[in-house]
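**Q** Can you build the whole structure from these sequences, using the hints too?
Numbering that gives the first Met the number 0 numbers the first residue of the sequence shown as 0 and each following residue consecutively.
Quick caveat, the hints were computed from the structure, so don't treat them as lab data. Among these hints, one or two may not hold up.
Simulated crosslink set (DSSO-like; lysine-lysine; CA at most 27 Å straight-line) [said to hold, decoys possible]:
id	residue 1	residue 2
1	Lys152	Lys35
2	Lys204	Lys183
3	Lys269	Lys206
4	Lys65	Lys152
5	Lys5	Lys65
6	Lys65	Lys183
7	Lys128	Lys5
8	Lys265	Lys128
9	Lys7	Lys128
10	Lys5	Lys265
11	Lys128	Lys183
12	Lys183	Lys7
13	Lys5	Lys183
14	Lys269	Lys204
15	Lys265	Lys206
16	Lys65	Lys7
17	Lys128	Lys269
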Amino acid sequence: MNFTTKFKLSLMMFLEFFIWGAWCVTLASYLLFNLKFTGGQVGNIFLTMAIASIISPIFVGMVADKFFPAQHLMGVLHLVGGILMFFLAHQVQTSQLFFIVLLGYTLCYMPTLSLANTVCFNQMTNTEKEFPLIRSIGVLGWIVVGLFLGYMKIETTNIPLYIASGSSFLMGFYCFFLPNTPPKGAGEKMRLGDFFGVEAFGLLKDKYFFIFALASLLISMTTSFYINLGNPFFVSGELPYPAAMMTGGQISEAVITALLAFFFVKVGVKWMLSIGMLSWA
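**A** And the structure:
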């Protein structure tokens, strides 16, 4: 993989996680302290990410596999997401409407995470060596926007949503200049099960894959508490620069992600995942 391709993929990852970090970490603070939503309403609003993460990648993955280049589909999703995020920042004041619009946004955004990986893998000849370094640039995007939001003291305002919207538009247009990732299943006969990801669910029959999926579910639950609700906890405690402080977790993540290639070789996937989950616990 040449330098130009590495740079394009690295910038893609930077923007992908810059967008997510711009709105996700400080959203609860904006809802609680600015819009005065209740804790229950905020909890329901954050359900949108879980719902979208389950539904959207299955359908969008099928579309990318059979009909459209992954980078073009990702571009369209980010452009639509930018519109919805702008509407959230500019117009929405009620919890019911916020839930609906954010659900629409997350249905657009969440599948772009896997699409970004697909674009990367399609260009790589040695994924174990090349992907960790490029993926770590995504963590850098999260860190940069977190530091900016924290030191500018705008966590309880709607400005982070505007930043996410503008970044989504930028990412959407940029996607059309990424390396081509054509649909690998183009021309294949469509089946009803393709719309619901039946083949993917079939993987759960494998005992080891089921254990991996269950462990991923449990570890993701604890991650959500920190990312979604850590910021209002720090804000209410009047700690300085909460969003900036929370990037400490991502700084360590960036270092470990960059070293994944080394750990793949030295300890293997099973031990690497076990050590990671134990460390988080």
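**Q** Please go over all the hints and tell whether each is borne out by the structure.
**A** Results of checking the hints against the structure:
1. Our distance criterion of 27 Å between C-alpha atoms is met by Lys152 and Lys35, whose separation comes to about 18 Å.
2. Using a Cα cut-off of 27 Å, the hinted pair Lys204 and Lys183 holds, with the two alpha carbons roughly 25 Å apart.
3. For the suggested pair Lys269 and Lys206, the alpha carbons sit about 14 Å apart, so the restraint of at most 27 Å is met.
4. Of the pairs offered as hints, the one joining Lys65 and Lys152 is violated, with about 45 Å between alpha carbons and a cut-off of 27 Å exceeded.
5. This hinted pair checks out: Lys5 and Lys65 have alpha carbons roughly 26 Å apart, not beyond 27 Å.
6. A distance of roughly 7 Å separates the Cα atoms of Lys65 and Lys183; the hinted pair therefore holds under the 27 Å criterion.
7. Proposed proximity of Lys128 and Lys5 is supported: the alpha carbons are some 13 Å apart, at most 27 Å.
8. Straight-line distance between C-alpha atoms of Lys265 and Lys128 comes to about 13 Å, which keeps the hinted pair within the 27 Å bound.
9. For the hint pairing Lys7 with Lys128, the CA-to-CA distance comes to about 17 Å; that is within 27 Å, so the pair holds.
10. Of the pairs offered as hints, the one joining Lys5 and Lys265 holds, with about 25 Å between alpha carbons and a cut-off of 27 Å not exceeded.
11. Proposed proximity of Lys128 and Lys183 is supported: the alpha carbons are some 24 Å apart, at most 27 Å.
12. Proposed proximity of Lys183 and Lys7 is supported: the alpha carbons are some 22 Å apart, at most 27 Å.
13. With a C-alpha separation of about 22 Å, the suggested pairing of Lys5 with Lys183 holds against the 27 Å cut-off.
14. A threshold of 27 Å between alpha carbons decides the hint, and for Lys269 with Lys204 the separation of about 19 Å falls inside it, so the pair holds.
15. Between Lys265 and Lys206 the CA atoms are separated by roughly 25 Å; this keeps the pair inside 27 Å, and the hint holds.
16. Distance hint between Lys65 and Lys7 is fulfilled; the C-alpha atoms sit about 24 Å from each other, no more than 27 Å.
17. Among the hinted pairs, Lys128 with Lys269 is consistent with the structure: their alpha-carbon atoms are about 17 Å apart, no more than 27 Å.
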